[in-house]
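Novice: Position chain B against the provided structure of chain A, taking the given hints into account.
Protein chains: 2
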Amino acid sequence: MYKDTNIRSIVKAISWRAIALVTTMVIVYLFTGEIETAIKAGVVETGFKLFFYWMHERMWFKVRWGRKKIEPFNLWFTGLPLSGKTTIADLVYTELEKLHIPIERIDASNIRNLVPGIGFTRADRNIHMHRIGYLIQKLQKNSVSTVVSFVSPYTESRKAIREMVQQNIVVHVKAEIETCKARDYKGVYAKAIAGELKNFTGVNDVYEEPKHAEITIDTETMSAEEAANVIVKYIKKNYVK
Amino acid sequence: MYKDTNIRSIVKAISWRAIALVTTMVIVYLFTGEIETAIKAGVVETGFKLFFYWMHERMWFKVRWGRKKIEPFNLWFTGLPLSGKTTIADLVYTELEKLHIPIERIDASNIRNLVPGIGFTRADRNIHMHRIGYLIQKLQKNSVSTVVSFVSPYTESRKAIREMVQQNIVVHVKAEIETCKARDYKGVYAKAIAGELKNFTGVNDVYEEPKHAEITIDTETMSAEEAANVIVKYIKKNYVK
Chain A
1 MYKDTNIRSI
11 VKAISWRAIA
21 LVTTMVIVYL
31 FTGEIETAIK
41 AGVVETGFKL
51 FFYWMHERMW
61 FKVRWGRKKI
71 EPFNLWFTGL
81 PLSGKTTIAD
91 LVYTELEKLH
101 IPIERIDASN
111 IRNLVPGIGF
121 TRADRNIHMH
131 RIGYLIQKLQ
141 KNSVSTVVSF
151 VSPYTESRKA
161 IREMVQQNIV
171 VHVKAEIETC
181 KARDYKGVYA
191 KAIAGELKNF
201 TGVNDVYEEP
211 KHAEITIDTE
221 TMSAEEAANV
231 IVKYIKKNYV
241 K
Chain B
1 MYKDTNIRSI
11 VKAISWRAIA
21 LVTTMVIVYL
31 FTGEIETAIK
41 AGVVETGFKL
51 FFYWMHERMW
61 FKVRWGRKKI
71 EPFNLWFTGL
81 PLSGKTTIAD
91 LVYTELEKLH
101 IPIERIDASN
111 IRNLVPGIGF
121 TRADRNIHMH
131 RIGYLIQKLQ
141 KNSVSTVVSF
151 VSPYTESRKA
161 IREMVQQNIV
171 VHVKAEIETC
181 KARDYKGVYA
191 KAIAGELKNF
201 TGVNDVYEEP
211 KHAEITIDTE
221 TMSAEEAANV
231 IVKYIKKNYV
241 K
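First to last, the protein sequences are chains A and B.
Just so we're aligned: 133 in our numbering is position 133 of the first sequence, and the numbers increase by one with no gaps anywhere.
Just so we're aligned: 51 in our numbering is position 51 of the second sequence, and the numbers increase by one with no gaps anywhere.
Next comes chain A alone, as it looks inside the complex:
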């Protein structure tokens, strides 16, 4: 959040004066037909009004009326492990930051580091979603929008998030399970298939596809950049005016 500095008010007063001075002189000239009177009037007026404008500006800075709270949104990326959620979400976040709206990025990996030992069972994941929801709520209450990426495989936990937050936008990052396995640079699919990882979504745990996603990204036909583009356009059109 930002506040207007005094120097801003002073420069704004000067910039206004330039416009007003020209207007005044043109008007006085049209009235009197005398260039000299027009200039004199302009000079005297400038002296007084520069000071009054600055005072007026500082006074209005204290007035809260006519300011509208910015309504934050929550972009929620869901999809199989390695479907491309984090990559696309990072690109989207970078673009949205340029709009100078207050915005925060939350990724599964950041959060899991803070909650060591939490598992991947249905109950664990649901509790976990609740914490994320709490964090988003605290941020939204302060006008901060969020770009969040989690596998979030269960309909019930995505629904819980939708109920906790405002202006929720689910982005389903869709990729064939075979594509995700082929991208397995982390070796997580291999581990899960070998039975070393339990409750691994797509291998030994279910991914319940969202039925009401606001945006669906088919990564089979779209690059990460194209996907980010589609999402940023959607946000600009519907949420940032």
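None of these hints come from the bench; they were simulated from the model.
Listed next, with one range per pair, are the computed distances between beta-carbon atoms:
hint	chain 1	residue 1	chain 2	residue 2	range
1	A	Asn6	B	Val11	15 to 25 Å
2	A	Asn126	B	Glu225	37 to 47 Å
3	B	Ile10	A	Ser109	45 to 55 Å
4	B	Arg122	A	Met55	52 to 62 Å
5	B	Ile215	A	Leu50	39 to 49 Å
6	A	Asn6	B	Asp90	32 to 42 Å
These numbers were taken from a predicted model, which means no experiment stands behind them.
In this text, a Cβ means the ideal position worked out from N, Cα and C, and glycines have one as well.
Specialist: Okay, now just chain B, sitting in the frame of chain A:
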């Protein structure tokens, strides 16, 4: 966070016009000695400038220069169970909200409900502090100040918070252990003494008194309202300008 609405710019233009109109008419009168000319000049000027002022205002609204980021602070209440932390912190929060700064309240009980099963051992408490630190960081990055109350009995975890956040203000809510026990409306001290609660600060776990608290509140000599007053004054003097 707020943005200026168009109606605000219009009303601001009118309010400025009232000041400017009087100035112009007085100047023209002093120059010409003619009331009628002064009024005519005022009327014509008003028509043009009302429109220009509004345009000027909307243009400046897009300009970010001269806006200063509001620097958030973290008020951290520490003290024995039932020392009065939550009561005082709630009062302080209510007062600070009136200053129209972005501010959030975080209490131990909210957070513990989100992390069921977390214990009270030294290791558990330290991990827990890290999560709170993360939450405060995310809020501070978006200019949101925080009013936080936790027993936080260990020097090391309070130090960790101090390193994670900016403008940290530790408030030590000091009460004699006997006073806290006497206030035991929750029955927690009784349970701890009976051995039903382990690692209970003040009974079977240590409270390491802060040595560098910015504010110390002696609840033996001060009411909650007086304490809140002292803290709000301190914040107003040092952090909200």
